[in-house]
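Order-wise, the sequence lines are chains A and B.
Going by our numbering, the letters in the first sequence line up with residues 13 to 158, in that order.
Going by our numbering, the letters in the second sequence line up with residues 13 to 158, in that order.
Treat each hint with caution, since some may be false.
[To be verified] Across the chosen pairs, the derived CB separations fall in these ranges:
#, chain 1, residue 1, chain 2, residue 2, range
1, A, E85, B, A28, 25 to 31 Å
2, A, R56, B, K89, 32 to 38 Å
3, B, K25, A, K66, 37 to 43 Å
4, A, C152, B, G79, 23 to 29 Å
5, A, M13, B, K66, 37 to 43 Å
[Claimed, not checked] To spell it out: a stretch of chain A is covered by chain B in this simulated footprint if at least three of its residues, at any positions, have a beta carbon under 8 Å from a beta carbon of chain B; those stretches are:
#, segment
6, 14-22
7, 124-135
Derived from the structure by calculation, the hints contain no laboratory data.
Built from N, CA and C at the ideal position, the CB exists for glycine as well.
Residues per chain are reported as follows:
2 protein chains.
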Amino acid sequence: MIKIIAVGKMKNKALAELAQEYQKRLSKYDKLEIVEIKDSDARREGEKILEILKGAKAKIYAMAEEGKCRSSEDFSKTLEEDLAKFGASVFIIGGPYGLSGEVKSRANELLSLSPMTFTHEWARAILLEQIYRAKSISACSGYHHK
Amino acid sequence: MIKIIAVGKMKNKALAELAQEYQKRLSKYDKLEIVEIKDSDARREGEKILEILKGAKAKIYAMAEEGKCRSSEDFSKTLEEDLAKFGASVFIIGGPYGLSGEVKSRANELLSLSPMTFTHEWARAILLEQIYRAKSISACSGYHHK
C-alpha cells in the first residue's frame with residue numbers, strides 16, 4: 013500500500029497527465045492512494061498532514077531537497093523492506109514553499125529525487141514514475157534496464 | 013546558444029508536450045536548437061553524434077547516470093560560465109541503451125540529473141526544465157524560489 017500526501021493541485025496539464033498515467037500503471041503492482049491538501053501556508057498544511065498521519069503504521073518519507081538521494085535500485089529495495097516491515101509507505105510532497113519542520117521530524121526519512129530543484133508538480137510526476145520503476149525492478153518486468 | 017542532441021523521438025505525448033513547453037519558454041532567454049538522431053545502436057548513434065560535434069566550439073555535456081550531479085544553482089552558474097568561455101553549451105542525451113564510450117570521452121563533462129534512473133524521454137523533458145530554471149536563476153525571474 014502506497015500513499016502520497018501532496019499539497020496543492022496539479023495545474024500543469026501535461027504533468028497531471030503523466031502523474032495519472034503512472035498512477036494507473038502502478039495499480040498493477042500495488043494499492044495507491046493520493047490525498048491532496050489545499051495549499052495555504054507551511055504551518056497550516058503541516059497540521060493537516062500530521063492529522064492524516066496520526067496512528068499511521070507506515071514508513072513515512074518527506075520529500076525534501078536536503079534529503080537522501082537514492083538510486084532507483086536502492087529505492088526499489090527500500091520499498092520492498094517497508095512493505096515487509098510496515099505494510100505501507102507514505103510519501104509527503106510539500107507545496108511551493110516546502111514542508112514544515114514538524115512534518116519533517118515526523119518522517120522516518122527525508123528523501124530527495126535529485127540535488128536539482130523541481131516544482132512540487134514535477135516532483136509528484138517524477139515520484140510516481142520512480143515508484144512504478146521501483147515496483148518494476150522488484151517484479152523484473154523489463155521496464156527498467158541497465 | 014544551447015544545443016540538445018537527442019537519440020530517438022519523444023513518443024510519450026505528455027512528455028513531448030512538456031519538452032515543447034519549456035523549449036518555448038527558454039526561447040525568451042537563449043537560442044535553442046534540438047537535433048534528433050534516429051535510434052539504431054550505441055556505436056552508430058555515437059558516430060553520428062561525433063559527426064555533429066566536429067569542430068564545435070562549445071562546452072559539451074554528455075548526460076550519464078554515472079555523471080556529476082549538480083544543484084540547480086550550481087548548474088545555472090556553470091551555464092553562465094560556458095556562455096562566457098565558449099559561447100555555447102551542448103547536451104547529449106542517449107537512447108534507451110545510453111551513449112558510446114567515444115561520445116562520453118568527447119564530452120567535457122558527464123552530467124547526471126539524479127542518482128535515480130530516468131528514461132531518455134523523461135531526461136529530455138527534465139533537462140529542458142532545468143536549463144529554463146538555470147536561465148531563470150541568472151535572470152532573477154522568480155521562477156526558482158528557495
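Evaluated hints:
Checked against the hint of 25 to 31 Å, the pair E85(A) and A28(B) passes, with Cβ atoms roughly 28 Å apart. R56(A) and K89(B) have their C-beta atoms about 35 Å apart, which keeps the hinted 32 to 38 Å range intact. Restraint check, K25(B) to K66(A): a C-beta distance of roughly 40 Å satisfies the suggested window 37 to 43 Å. As the Cβ distance of C152(A) to G79(B) is approximately 27 Å, the hint placing it in 23 to 29 Å holds.
Separation of M13(A) from K66(B) is about 54 Å and departs from the stated range, judged on CB atoms against 37 to 43 Å. With 0 residues having a Cβ less than 8 Å from any Cβ of chain B, the segment 14-22 of chain A misses the three-residue criterion, and the hint is violated. Against chain B, the segment 124-135 of chain A contributes 7 residues with a C-beta closer than 8 Å to a partner C-beta. That satisfies the three-residue criterion, and the hint holds.
Of the numbered hints listed earlier, those contradicted by the structure are 5, 6.
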